[in-house]
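Visitor: So you can see what is in the structure, the chains are spelled out below.
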Amino acid sequence: MEEGGATAKPRRATGRLCSTCNQRKAALKRPKTLEQICRECFYSVFEDEIHNVIMDNNLFKPGERVAVAASGGKDSTVLAYVMSELNRRHNYGLDLFLLSVDEGITGYRDDSLETVKRNEIEYGLPLKVVSYKDLYGWTMDEIVKTIGLKNNCTFCGVFRRQALDRGAALLKADKLVTGHNADDIAETVLLNILRGDIARLSRCTFITTGEDGPIPRCKPFKYTYEKEIVMYAYFKKLDYFSTECIYSPNAYRGFAREFIKDLERMRPRAILDIIRSGENFRTATSTKMPEQGTCERCGYISSQKLCKACLLLEGLNRGLPKLGIGRARGTNGLNKRIEQRNLGSERTGSSIESKQCGTLDF
Amino acid sequence: MFLILSMPSIVGLCTLYILSLIACEFSHTHAIFHVIFFLVLCSSSLLRSILVQLDSMQLTLEFGGGLELLCQSSKIHNVDVKPNPGEDKLTMRDLLAWVKSNLIKERPEMFMKGDSVRPGVLVLINDCDWELCGSLDTELEEKDVVVFISTLHGG
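Keeping their order, the protein sequence lines are chains A and B.
First residue of the first sequence? That's 1 in the working numbering, and the numbers climb one at a time after it.
First residue of the second sequence? That's 363 in the working numbering, and the numbers climb one at a time after it.
FYI, nobody ran anything at the bench for these hints, they're computed from the structure.
Keep in mind that a hint or two might mislead.
[To be verified] Derived DSSO-like pairs (lysine-lysine); straight-line CA-CA distance at most 27 Å: (1) B:Lys467 - B:Lys444; (2) B:Lys467 - A:Lys29; (3) B:Lys437 - A:Lys117.
[Claimed, not checked] Which bits of chain B does chain A cover? Going by a derived footprint, with three or more residues having C-beta under 8 Å, they are: (4) 424-430; (5) 481-495.
Don't be surprised by glycine CBs; every beta carbon is placed ideally from N, CA and C.
With these hints in hand, go ahead and build the complete structure from the sequences.
Guide: See below:
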């Protein structure tokens, strides 16, 4: 049935050969370089680039315990796969773990956790699940029941951030790796410019953050295009979960993301260029940055007396769920100014609001 | 042979049949002609319907990365798609329009933007990135497998 490309029907580029090996049929166009490349060459260049990013930035030291933040989605599934592959191939000497957060969202997180559990078996990486219920006493289902569908993503995002740190601490991990890809980072750069958030703008392109804190986080996919991650998962038939969170059905509509994707279609390099611009921003030395301290209740890093999670939790427990949300007026002893300053208080926090809640935040 | 020749013009045959009906009105001796004409008509329309089937293209469409939720949570669809009237080729542009009106049951804006897929939706034709085979202008062939994967869901 299939004729070998070159005959009567030149209509399709089925005959095009890989620009790297010149032997096999090209399977995709790389957004980064516009090269046409076959599957095998794609696998090796994809993995090699990530290996190079890891080596060039000295992300890990031999013997370290590294927790892979795993949501069951495409990025973290590919990350877990590639990390265990590279660790084996290049003898990084890392002890790898999967770390998942159970927000307590029936019909969403319980299903995606099943995916993570399959990954645990398939890649042979031990899994640790920390739940909002255990850490905070509330599931997201219960929180939504109390506060409704407004601002629920704020709770989820703030809680997840801390939950990952606490889970990593429980695992005695030296580092936490997250699956943030180049598209995510370009989007965050744009968002931080739009918000005028200087503090986050300067650190959102760092490949490692929180080095002075207990558990540094790093992003081995910093320069990896989302398209290539999805193609890799598709060609390798990796098992990932892609249902959107039931509490944020439209959260990914974000303008920044849409804008990035439009730019990518016109000129795929644009994503790397935005990251590059973000890296090259220099904050004037006279700019006053929020000072870092620790939360007096839980000891988590915070620039305020209470960290954002404790503030939100206090609101929930006292039946004042607006506490710590948006520009709500200060109530019950917490004055307005503190709350407003609290908005930008978290240390390395920089949530990607346009992505769905299930996504791990910066 | 006769059938094949007569096939393209059912309309002509119908006219003939009706004419013959008028000609042989009430003449029972010619009833046999009625039967013959009727048979010819039937078989030619049968053949024609087979030909129409040949005109349309059998394709396998796969939706992933969350797009399956837009078409009743079914990932794989085996479909027959006809080229637009007056054209003998089916391009990806035509297919996308067809998918939008026939398979997508909700939120079409998650799948399409303008006449193409929404940026961030990957398309593979027979496991080959559609950007390598002409994107919207790719001409489809019988038994092609077209895969749509959204990258827009979190990870």
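Visitor: Using C-beta distances, would you say chain A covers the segment 481-495 of chain B, given that this needs three or more residues below 8 Å?
Guide: Holds, because 12 residues of the segment 481-495 of chain B bring their Cβ atoms closer than 8 Å to Cβ atoms of chain A.
Visitor: Run the distance test for B:Lys467 versus B:Lys444: straight-line Cα separation, threshold 27 Å.
Guide: holds, 20 Å
Visitor: Below or equal to 27 Å on CA atoms is what counts here, so check B:Lys467 against A:Lys29.
Guide: Answer violated: B:Lys467 to A:Lys29 is near 31 Å, above 27 Å.
Visitor: With a cut-off of 27 Å on the C-alpha distance, tell me whether B:Lys437 and A:Lys117 pass.
Guide: holds, 23 Å
Visitor: Counting residues of the segment 424-430 of chain B whose CB is closer than 8 Å to a CB in chain A, do you get three or more?
Guide: Satisfied; 3 residues make the cut.
Comparing the model with each earlier hint shows a violation of hint 2 alone; every other hint is respected.
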